[in-house]
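Enquirer: This is what each chain is made of:
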Amino acid sequence: MNALIETKEKLISPYIDEKVMDEFKQFMGEEGGDMVKELKELYLTNTPKLISNIKKDIKARDMDSLKTHVHGLKGSSAQLGVTGIASLSRDIEDVIPSGRFDEIEALFKHLLDVYKKVKITFTNQL
Amino acid sequence: MDEKKDQILIVEDSDITLYKVKAVLIRLGYDVTAYNNPITALDWLLSTPNLPDLILLDVVMPGMDGFEFIRRVRGKKETEKVPIILLTSHVDTRDKIEGLEAGADDYLGKSASLSELEFRVKALLARKHSTESSITQISARSIAIFSLRGGVGVSSIAVNLSIAISQLWSIETCLWDMAMGVSQCALMMNLKPISTISTLTDWTEKTVDESVLRNMLLKHKSGVWLMPGAVGVEESELISSHTMDLVWPAVQTLAPYLIIDAGNHFSDPTLTILERADIILLVLAPELASVNASYQALKVFNDLGFPADKVLPVVNRVISQNTLDVTKIASGLKKQIFVEIPYDSKAMVKAINQGTPHILTSPKSEVSQAISSMAYRLSSGEMETKKAEEPSPQLENARKLLHS
Numbered sequence: 001m002n003a004l005i006e007t008k009e010k011l012i013s014p015y016i017d018e019k020v021m022d023e024f025k026q027f028m029g030e031e032g033g034d035m036v037k038e039l040k041e042l043y044l045t046n047t048p049k050l051i052s053n054i055k056k057d058i059k060a061r062d063m064d065s066l067k068t069h070v071h072g073l074k075g076s077s078a079q080l081g082v083t084g085i086a087s088l089s090r091d092i093e094d095v096i097p098s099g100r101f102d103e104i105e106a107l108f109k110h111l112l113d114v115y116k117k118v119k120i121t122f123t124n125q126l
Numbered sequence: 127m128d129e130k131k132d133q134i135l136i137v138e139d140s141d142i143t144l145y146k147v148k149a150v151l152i153r154l155g156y157d158v159t160a161y162n163n164p165i166t167a168l169d170w171l172l173s174t175p176n177l178p179d180l181i182l183l184d185v186v187m188p189g190m191d192g193f194e195f196i197r198r199v200r201g202k203k204e205t206e207k208v209p210i211i212l213l214t215s216h217v218d219t220r221d222k223i224e225g226l227e228a229g230a231d232d233y234l235g236k237s238a239s240l241s242e243l244e245f246r247v248k249a250l251l252a253r254k255h256s257t258e259s260s261i262t263q264i265s266a267r268s269i270a271i272f273s274l275r276g277g278v279g280v281s282s283i284a285v286n287l288s289i290a291i292s293q294l295w296s297i298e299t300c301l302w303d304m305a306m307g308v309s310q311c312a313l314m315m316n317l318k319p320i321s322t323i324s325t326l327t328d329w330t331e332k333t334v335d336e337s338v339l340r341n342m343l344l345k346h347k348s349g350v351w352l353m354p355g356a357v358g359v360e361e362s363e364l365i366s367s368h369t370m371d372l373v374w375p376a377v378q379t380l381a382p383y384l385i386i387d388a389g390n391h392f393s394d395p396t397l398t399i400l401e402r403a404d405i406i407l408l409v410l411a412p413e414l415a416s417v418n419a420s421y422q423a424l425k426v427f428n429d430l431g432f433p434a435d436k437v438l439p440v441v442n443r444v445i446s447q448n449t450l451d452v453t454k455i456a457s458g459l460k461k462q463i464f465v466e467i468p469y470d471s472k473a474m475v476k477a478i479n480q481g482t483p484h485i486l487t488s489p490k491s492e493v494s495q496a497i498s499s500m501a502y503r504l505s506s507g508e509m510e511t512k513k514a515e516e517p518s519p520q521l522e523n524a525r526k527l528l529h530s
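If you read the sequences in order, they're chains A and B. Heads up: the first sequence at position 2 corresponds to 2 in the working numbering, and the numbers run straight through without jumps. Position in the second sequence counted from 1, then plus 126, gives you the working numbering.
Please note that the accuracy of each hint is not assured.
[What the hints assert, rightly or not] A few chain B residues facing chain A, derived, Cβ under 10 Å: (1) SER140; (2) VAL147; (3) VAL186; (4) LEU213; (5) LEU240; (6) GLU244; (7) HIS391; (8) PHE392.
[What the hints assert, rightly or not] If the Cβ cut is set under 10 Å, some of the chain B residues that face chain A in the computed set are: (9) ILE142; (10) TYR145; (11) ALA149; (12) PRO188; (13) SER241.
I should point out that these hints are in silico values taken from the structure, not numbers from a laboratory. Glycine is no exception: its CB is placed at the ideal position from the N, C-alpha and C atoms.
Can you make the complete structure from the sequences, with help from the hints?
Expert: In structure tokens, the structure reads:
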């Protein structure tokens with residue numbers, strides 16, 4: 001019993017709002033569980049691509065491209081209730097107009113750390 | 127009415143958002159066309175012979191943003207009127223203004239709940255269908271449902287219509303069961319009456335105020351307050367037209383909308399209420415005896431001096447065989463049919479047996495859609511033009527949605 005609670009606690013991440021996917025799962029009825037899994041798989045496939053694009057944009061100082069990619073990451077994260085990534089993406093979006101790249105880089109580094117944790121949580125849930 | 131499924135186009139570059147929104151809309155019973163590329167989507171839209179009923183559109187997309195997409199769609203005669211909801215994660219007012227200027231009809235935050243998505247889609251589709259309809263919108267605060275023959279679904283329509291209006295505008299509605307003797311509505315909603323207006327016979331000369339009626343009301347989880355009908359013949363006989371005169375002013379203050387199950391025969395109390403109601407939905411089955419009874423009812427209404435546009439015939443297809451078609455019925459009644467409710471007796475009986483109204487058990491069925499659309503046509507005139515008195519956030523929301 002204790003082991004079960006411990007495992008459960010490990011699965012709960014402060015960066016994920018479980019309510020978002022729970023609502024979707026319930027809404028979709030019987031297929032809900034499978035669809036949530038598919039969405040998480042899709043997220044784990046797509047996010048590394050977006051992250052690598054963002055990395056390139058920062059390196060090349062390409063504001064327009066950075067804006068689009070960060071915006072995309074924010075949207076897809078919000079769809080799955082990955083609030084940690086969604087809010088960091090928004091923070092980056094807010095800094096972009098100022099052109100303070102040191103700040104953008106610091107936020108992005110933090111975002112990478114959070115993604116690592118989210119990845120572990122999602123992988124465990126699959 | 128709504129035989130064809132509504133078709134919705136989603137244009138969204140994020141695969142994840144696309145997957146989720148598409149799944150939800152399919153689940154809600156819509157036909158969905160989805161593109162993750164705005165340019166391909168525009169090509170399709172400008173060349174398809176089957177225009178979508180609604181477009182859900184992302185704002186920030188590579189290649190072409192949502193605003194430009196809207197301008198192109200609005201710039202073509204064929205597509206200028208297709209309703210568009212912008213999907214946005216921005217809370218930036220500049221975005222909203224630009225979207226409105228470009229011609230979007232509504233906004234939806236990407237983090238919005240699924241029920242908000244459902245509500246906005248339904249409201250915009252209902253609005254689209256209502257402007258397509260030849261019958262103008264109606265403002266009615268009190269809607270009586272009546273028939274001169276039993277078994278045509280008066281109570282069922284009353285219950286489901288009350289819920290539909292409540293859901294559409296996120297408001298409370300009051301359903302008054304004044305059909306004598308059986309308390310059918312309470313049964314359909316699985317509620318148990320405590321006291322009924324038959325106890326008001328002692329009140330003769332006193333004023334019946336709202337609080338007296340509130341004690342009788344039964345709360346249904348859908349947002350409908352039920353004022354239950356008299357149980358049994360004895361109780362029914364206690365109710366006179368005088369009781370109705372006493373009750374009428376107070377009953378209108380209970381909720382923004384009053385739906386009355388007026389039963390299936392003429393009596394003094396019934397006529398008192400039918401005279402006061404803003405609208406009468408005259409329910410009939412698509413068979414000769416029912417059409418004949420309705421014709422008689424229309425004659426009585428005419429003799430009583432009711433305006434012709436106060437009475438709206440509703441054909442409820444409670445039978446499936448040897449039925450008359452709507453054109454024949456309309457020419458028999460010499461009156462246009464307001465709404466036709468499709469045949470689905472199995473589901474209706476199941477709903478009654480379960481004590482959960484059909485519109486809640488099967489919100490996507492054709493019957494529910496017909497009732498929702500009827501609810502919109504009966505209430506949108508009022509809700510859209512009404513000036514703010516005590517607007518709830520939901521009501522403001524619905525207004526904003528319909529005014530944009």
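Enquirer: None of the hints should be skipped; say for each whether it holds.
Expert: Structure-based check of each hint:
1. SER140: Constraint on B:SER140 satisfied, holds at 5 Å.
2. VAL147: 9 Å, holds
3. VAL186: This hint holds: B:VAL186 lies near chain A, its Cβ roughly 5 Å from the closest one there, short of 10 Å.
4. LEU213: 9 Å, holds
5. LEU240: At 5 Å from the nearest chain A Cβ, B:LEU240 passes the 10 Å test, so the hint holds.
6. GLU244: 9 Å, holds
7. HIS391: Where the cut-off is 10 Å and the nearest Cβ of chain A is about 43 Å from B:HIS391, the hint is violated.
8. PHE392: 46 Å, violated
9. ILE142: Hint holds; B:ILE142 Cβ to chain A Cβ min 4 Å, cut 10 Å.
10. TYR145: 6 Å, holds
11. ALA149: 6 Å, holds
12. PRO188: Hint holds; B:PRO188 Cβ to chain A Cβ min 6 Å, cut 10 Å.
13. SER241: 8 Å, holds
Going through the hint list in order, the structure does not satisfy hints 7 and 8.
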